[in-house]
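*Asks:* Using the hints provided, position chain B relative to the given structure of chain A.
In the order they appear, the protein sequences are chains A and B.
Residue 1 is where the first sequence starts when you use our numbering, and the numbers rise one by one after that.
Residue 1 is where the second sequence starts when you use our numbering, and the numbers rise one by one after that.
Since no wrong hints were added, every one of them can be taken at face value.
Just some of the chain B residues that point at chain A, by a computed CB distance under 10 Å: (1) 99; (2) 142; (3) 163; (4) 261.
Stretches of chain B that chain A covers, calculated by requiring three or more beta carbons in the stretch to come under 8 Å of a beta carbon on chain A: (5) 114-126; (6) 131-139; (7) 164-170; (8) 245-257.
Hints were generated in silico from the structure; no laboratory data involved.
Glycine included, every Cβ here is placed at the ideal spot set by N, Cα and C.
Each chain, letter by letter, is given below.
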Amino acid sequence: MIIYIDQEQCTGCEVCIPTCPFGAIEMREDKAYINEKCTLCGACLDACPMQAIVKKVDELPKKKETDLSLYRGVWIFAEQRKGKIQSVTYELLGEGRKLADERKEELCAVLFGHNMKDAAKELLHYGADKVFYMDDPMLEDFQDDPYSECMAQLVRQYKPEILLCGATNIGRSFIPQVAVKLETGLTADCTGFDIDPKEGNLLQTRPAFGGNIFATIATHHHRPQIATVRHKVMKPAERKDQSPGDLIEVPVPEEGKKCRTKLIERFEEIEETVNLAEADIIVSGGRGLGDPKHFDLIRDLAKALGGAVGASRATVDAGWIPYSHQVGQTGKTVCPKLYIACGISGAIQHLVGMRSSDVIVAVNRDPEAPIFKVATFGIVGDLHEIVPAMIKHFSR
Amino acid sequence: MNIIVCIKQVPDTTEVQINPETGTLIRDGVPSIVNPFDMYAIEEGIRLKEKFGGKVTAITMGPPQAKEAIRDAVSLGVDDGILLSDRGFAGSDTLATSYTLSRAIMKQGGYDLILCGKQASDGDTAQVGPGIAECLDIPFVAFVKKIEDIADGKARVERMMEYGHDVIETPMPVLLTVVKEINEPRLPSLRGKMRARKYEPIMMTKEDLDVDPARLGLDGSPTQVIKVFTPDVKRAGEILEGETPDEYALELKKRLKEAGFAI
Chain A
1 MIIYIDQEQC TGCEVCIPTC PFGAIEMRED KAYINEKCTL CGACLDACPM QAIVKKVDEL
61 PKKKETDLSL YRGVWIFAEQ RKGKIQSVTY ELLGEGRKLA DERKEELCAV LFGHNMKDAA
121 KELLHYGADK VFYMDDPMLE DFQDDPYSEC MAQLVRQYKP EILLCGATNI GRSFIPQVAV
181 KLETGLTADC TGFDIDPKEG NLLQTRPAFG GNIFATIATH HHRPQIATVR HKVMKPAERK
241 DQSPGDLIEV PVPEEGKKCR TKLIERFEEI EETVNLAEAD IIVSGGRGLG DPKHFDLIRD
301 LAKALGGAVG ASRATVDAGW IPYSHQVGQT GKTVCPKLYI ACGISGAIQH LVGMRSSDVI
361 VAVNRDPEAP IFKVATFGIV GDLHEIVPAM IKHFSR
Chain B
1 MNIIVCIKQV PDTTEVQINP ETGTLIRDGV PSIVNPFDMY AIEEGIRLKE KFGGKVTAIT
61 MGPPQAKEAI RDAVSLGVDD GILLSDRGFA GSDTLATSYT LSRAIMKQGG YDLILCGKQA
121 SDGDTAQVGP GIAECLDIPF VAFVKKIEDI ADGKARVERM MEYGHDVIET PMPVLLTVVK
181 EINEPRLPSL RGKMRARKYE PIMMTKEDLD VDPARLGLDG SPTQVIKVFT PDVKRAGEIL
241 EGETPDEYAL ELKKRLKEAG FAI
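One chain only, chain A, in its complex shape (with noise of 0.2 Å):
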């Protein structure tokens, strides 16, 4: 395939350049061209009025196509640490009931542990109608081998259309080894999900240079269609007090259970008083405070609320307050109740990282700040006034 412009229909417009993500197409002799830097994402097509930019695909042989009728249902990846259920799994199930209701099709829990069958059960209660359940000791931690290789034998066996995956450590880590070893597609890190209404494919949305542009991303060909799914994203899903799935429990093959690595040891550090990712009301501080010094603020604003504490990135970067504490594409996604911004100007870096929350207040002096365009509430403002006022008038 290849995408070029026809020099005949280029008016020299130039409304195709600022589409490019990658920069590739220039003006030469007044028209435009694309260059080598061009990656065939088709970001330009619909740009121009002329309809001067072409997309020529290749007569290649036939490949050998996949059946897809014969892939069906939603499946998430129950994701567990010390045989706890985490929290990302209950995402999964909310978002993956959608996407199976939509398709009128089942939604299925994977589940990989030792001693977990209470717990497997136990998402049934989640909307799961059925919950797929390996136990062996040696899938009671994580480890990239047996995981991926079990994952990989029991999507050849029950031919999921779509696998979601929590994008935490683990499922960053062995999903994808899975997708190689079925030759399918996988998009990282998705904050949105939907269905192609004319072909039910699996469109999957995701940020891309640093939060600064979103592409969605389809798998037309091939099956699963697999995505990991990003932390605090997606709304949970509730439990019900009925449970009428089933809980399959399948035997784990020999192959699943060989290990290249050993786990030789684990050291949990010692959490923040508030996990960040985790509250419910989190009061962030940005470059706005002045001085790292004034970060004593922004901690006295989240103790009086009962809150965590979180930054911009240029006051992580200038070294003011640790990387834990970062909101933003680099940093943490929060999706807490309250969220405050001090001093935060709002870089889309920092907007993707905490615009689903659900109440959004911004104190900032500058009026034209992006911050006020996601805010609820916005105060214009010194932060060094509004917040001694405000920690004096909240504190309970």
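*Replies:* Quick look at chain B alone, frame taken from chain A:
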């Protein structure tokens, strides 16, 4: 010890700005750099070579100008660089990229260790490292923050996890993706810069590799980008009115109470 470091040339995303009028990316003058996460892989490779002897080879796939990424690696002390460049590789997703790089590594052969950055800063997928390991059928450890020891054909490494870290022992050859906690990358030396300026990478096209053409480029890529857009983050908010900080704080308190917060 023979070490291969996989690198990628990316636009410097910290330089990317959004045009507030059109909401599109302003990319004019945005420089290309070696993916920042790969700098830690390069540094670790060079440190291991300094300790154990051997050779470090950088490998990248990209357009002809990705030569500069190889030269940057050479300036830091990498011995050799391979650039995989072919129109046939264009449009590769992570599966096709993993396949292509693994075939080039296979051709190179004789490696003990493959190092990658944990992810690239443009795509942020973190999929090509594990993908290459799977294609080569060698063990893989992600998010490595420390290589504790290498001895008797085994490596002992620390893998960063959400809760802390795991200590893992793995046979070699192994592919590790590294996080920035692993080291502090050096700056290029004057001698390194001199060598890099004249250095010509080993060029490879698809003809040089033993590959199935159906698994390359766009044809070998199950995923396709169907739309790229700038996020619409607006919500219908309200700027609160007030005269003094106390008035603002009390007005906000009232609104938050109405929204159901017990403050």
